[in-house]
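Chemist: Sequence:
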Amino acid sequence: MAGPILVVDDDNFFRQLASDMLSRKGYHVVTVESAAQALEAVGRDAFDLVITDLVMPEMDGFGLTAKLRERDPDQEIILVTQRADVKGSAMARGAGVAVVLTKPIDETDLLLAVERAMERAQLRRERAQLQNENLEFARYQNLHQRCLEFLSQPDLEWLQERVAAELASVCDAQSAALWFTDDRGHLVLRAYRGLLDKQFLAERMSPDGPLGNRLRQAMPWIARDERSPVLYVPFVTSGEIMGLAQLSDPLAGDFRTEHVRYAKILGDSAAVGVKNGRRILALQRLGLRDRDTAAYNLSYFTDYASKEIYKARRYGRTFSLLTFSVDNLPLVRMRLGVPDAKLAVRGIIKAFSRIVRDSDVIAKASDQEFYLLLPETDFFGAMMFVRRALDAVREDPEAREVEARLPLALVGGASTFPKDGEDFDELVHRCRRRMDERRSSLQRKLMLDALPFWDEVDLLLGNASSPKLPVEENAEPSRRGKVSDVLFDELQAEIARELVRDPGSRGLLYVGGPEIRADLPIAQGLESAPPEMASRIYLLGRRGDLESHPALTPVFLTGDERMSRHEFILWMSENASYALIQRRGLGATWGFHSSDTAVVDGLITRLQAEYDLQPY
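Residue numbers for the sequence shown follow this note's numbering, beginning at 37 and rising by one.
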């Protein structure tokens with residue numbers, strides 16, 4: 037369809053004449069009386085042809101032609117003049133005007149020149165449209181190829197890196213972040229690139245409420261903040277939310293309509309790719325499991341661990357490695373027989389499987405040793421898992437059946453990347469060192485696991501005539517005897533300073549005594565503690581003058597005479613394990629203190645069981 041024609045002349049008679057001639061032939065004509073008005077009109081609309089007079093006030097036809105050529109070098113222009121010497125002149129050629137008509141204009145000459153100019157404009161328009169269609173076809177072909185790569189590559193680690201890179205590329209975004217859903221349906225940060233600062237990215241998001249409703253629409257959307265526009269791309273297939281991408285810092289300053297269209301195509305293919313990758317991974321895992329226990333084999337586990345190490349290095353994440361050993365399994369096999377030994381191992385793996393997440397991996401390293409890898413788990417979380425795992429084994433029917441005849445010597449150790457090492461061998465070595473520490477611990481030597489809390493306290497405290505505690509090899513020391521009267525208060529103050537210094541460190545602290553008072557050093561030291569403290573702190577004792585505290589949880593115990601005679605501090609964190617138990621008497625304070633992790637963990641476990649306290 038032909039576009040409009042602009043007629044520029046300060047002579048109203050010529051404007052009307054040209055308009056009438058062209059309108060009769062079906063052309064849409066716009067007329068203006070000056071070059072300035074012509075430039076304004078061209079700024080508003082596109083014209084296939086401009087017919088302009090040569091002599092006009094302020095700016096002549098050559099000046100207007102130069103301005104029009106700056107906007108569009110291919111603009112069709114017909115120059116009209118009363119001077120016969122202009123046609124074919126050097127000035128006309130220099131201005132790029134091929135057609136010059138002399139007034140008075142013959143209608144036939146005008147219509148012929150206009151028809152040829154409009155044909156050239158139409159041909160250019162069709163050629164540009166064809167070029168655009170070819171470019172668009174090439175873009176879609178390129179998108180199609182990228183989508184095929186998403187669908188053909190089952191490696192989820194490769195996929196999450198590639199999806200973020202490709203989305204940023206096709207949308208001209210300098211920054212991209214990617215969240216995939218985990219086994220609980222939460223969106224977990226998996227990849228990011230460009231100008232983003234990780235501390236401003238949510239590690240985990242719940243796809244509920246307005247966010248979930250927006251994601252289920254399966255359409256990208258643009259949000260605008262003070263810094264730059266942000267393009268969000270949901271990954272949804274068959275109504276199932278697989279992930280979310282965030283693109284920001286567009287090179288052109290904003291996202292265009294085609295960016296949203298391209299992102300939609302890539303996002304849909306990425307969602308199917310993620311779903312297929314998870315299915316293939318599940319099938320691979322089925323073929324890599326031990327036949328008797330359903331635990332993964334060591335080859336798969338080391339490959340999985342190497343990928344987790346890469347992710348942790350790339351994105352500054354953490355994960356934990358756990359090792360467990362049934363030290364007396366050969367004795368079980370010899371005394372009870374091979375079937376019972378297999379029954380015990382199967383019960384242990386089943387117990388572990390009941391408490392792990394879908395992202396956690398259990399492997400059988402040997403007949404009596406097992407590995408667990410816990411992504412996104414810090415060292416404190418790993419220590420708590422060791423405790424839960426040992427408790428789960430004690431409750432498993434198959435393991436209990438064997439333990440009724442011969443107790444299982446199950447010991448566990450934990451290490452965390454990068455705190456304890458940056459490769460698999462270092463982490464395994466650190467786990468085994470901690471297992472050795474537990475083997476040589478007082479907890480095992482004195483067989484404290486079976487004792488209730490206060491019986492264990494009495495045994496550890498003893499008295500002046502009690503035998504000395506066994507020497508702990510390769511483990512932190514434990515001591516009992518007379519202690520300073522101020523030690524209990526000094527330790528509270530020191531722990532409070534440590535908690536305030538590092539409020540993000542996770543830990544568990546129990547402070548017990550005859551009465552819960554506001555003047556306790558731990559209460560005073562944490563009065564101004566930041567609200568985001570990660571450690572949980574409990575005060576146990578008879579109700580005193582402390583009713584509430586921003587950082588402490590009081591546990592009021594009345595009628596328990598044992599609490600009135602004892603004071604204790606049990607502290608376990610990512611960086612420290614410590615226990616102090618003391619009994620005040622006439623003229624002296626008798627106490628037991630230890631930095632033996634197994635002893636501290638055991639005391640906390642028994643304390644929680646004694647008073648029905650919630651485990652961490």
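Incorrect hints may have been included.
To be verified - In silico SDA-like cross-links for lysine to any residue, where the CA-CA straight-line distance does not exceed 25 Å:
(1) 139 <-> 185
(2) 504 <-> 530
(3) 300 <-> 370
(4) 386 <-> 374
(5) 343 <-> 441
(6) 386 <-> 347
(7) 386 <-> 423
(8) 311 <-> 243
(9) 481 <-> 441
(10) 61 <-> 93
(11) 61 <-> 154
(12) 481 <-> 458
(13) 61 <-> 96
(14) 504 <-> 533
(15) 347 <-> 246
(16) 103 <-> 68
As the list claims (entries may be wrong) - Listed next, with one range per pair, are the computed distances between beta-carbon atoms:
(17) 169 <-> 350: 38 to 46 Å
(18) 169 <-> 318: 56 to 64 Å
(19) 591 <-> 523: 39 to 47 Å
Treat the hints as calculated values from the structure; they're not laboratory data.
Ideal Cβ placement from N, Cα and C applies to all residues, glycine included.
Chemist: Starting from residue 347, check that the Cα of residue 246 is at most 25 Å away, please.
Modeler: Roughly 30 Å between the alpha carbons, so the hint for residue 347 and residue 246 is violated.
Chemist: Check the hint pairing residue 386 with residue 374 against an upper bound of 25 Å on the C-alpha distance.
Modeler: Satisfied, since the Cα-Cα distance of roughly 18 Å is no more than 25 Å.
Chemist: Quick one, are residue 481 and residue 441 close enough, alpha carbons at most 25 Å?
Modeler: 20 Å, holds
Chemist: Assuming the hint says 56 to 64 Å, is it satisfied by the Cβ distance from residue 169 to residue 318 or not?
Modeler: 43 Å, violated
Chemist: Has the given pair, residue 311 with residue 243, been kept, meaning a C-alpha gap of at most 25 Å?
Modeler: Given pair residue 311, residue 243 holds - Cα atoms ~17 Å apart, limit 25 Å.
Chemist: Are the Cα atoms of residue 481 and residue 458 separated by 25 Å or less?
Modeler: 33 Å, violated
Chemist: Is the hinted pair residue 343 and residue 441 satisfied, with a Cα-Cα distance of at most 25 Å?
Modeler: Distance ~42 Å between residue 343 and residue 441 Cα, so the pair is violated.
Chemist: Do residue 169 and residue 350 keep their Cβ atoms within the hinted range of 38 to 46 Å?
Modeler: 41 Å, holds
Chemist: Would you mind confirming whether the straight-line C-alpha gap from residue 386 to residue 347 stays at or under 25 Å?
Modeler: Violated, at roughly 28 Å.
Chemist: Are the Cα positions of residue 504 and residue 533 separated by 25 Å at most?
Modeler: 33 Å, violated
Chemist: For the pair we were handed, residue 300 and residue 370, check the Cα-Cα distance against 25 Å.
Modeler: 63 Å, violated
Chemist: Does residue 139 pair with residue 185 here, judged by a C-alpha cut-off of 25 Å?
Modeler: 66 Å, violated
In summary, the structure is inconsistent with hints 1, 2, 3, 5, 6, 10, 12, 13, 14, 15, 18 and 19 from the numbered list given earlier, while agreeing with the others.
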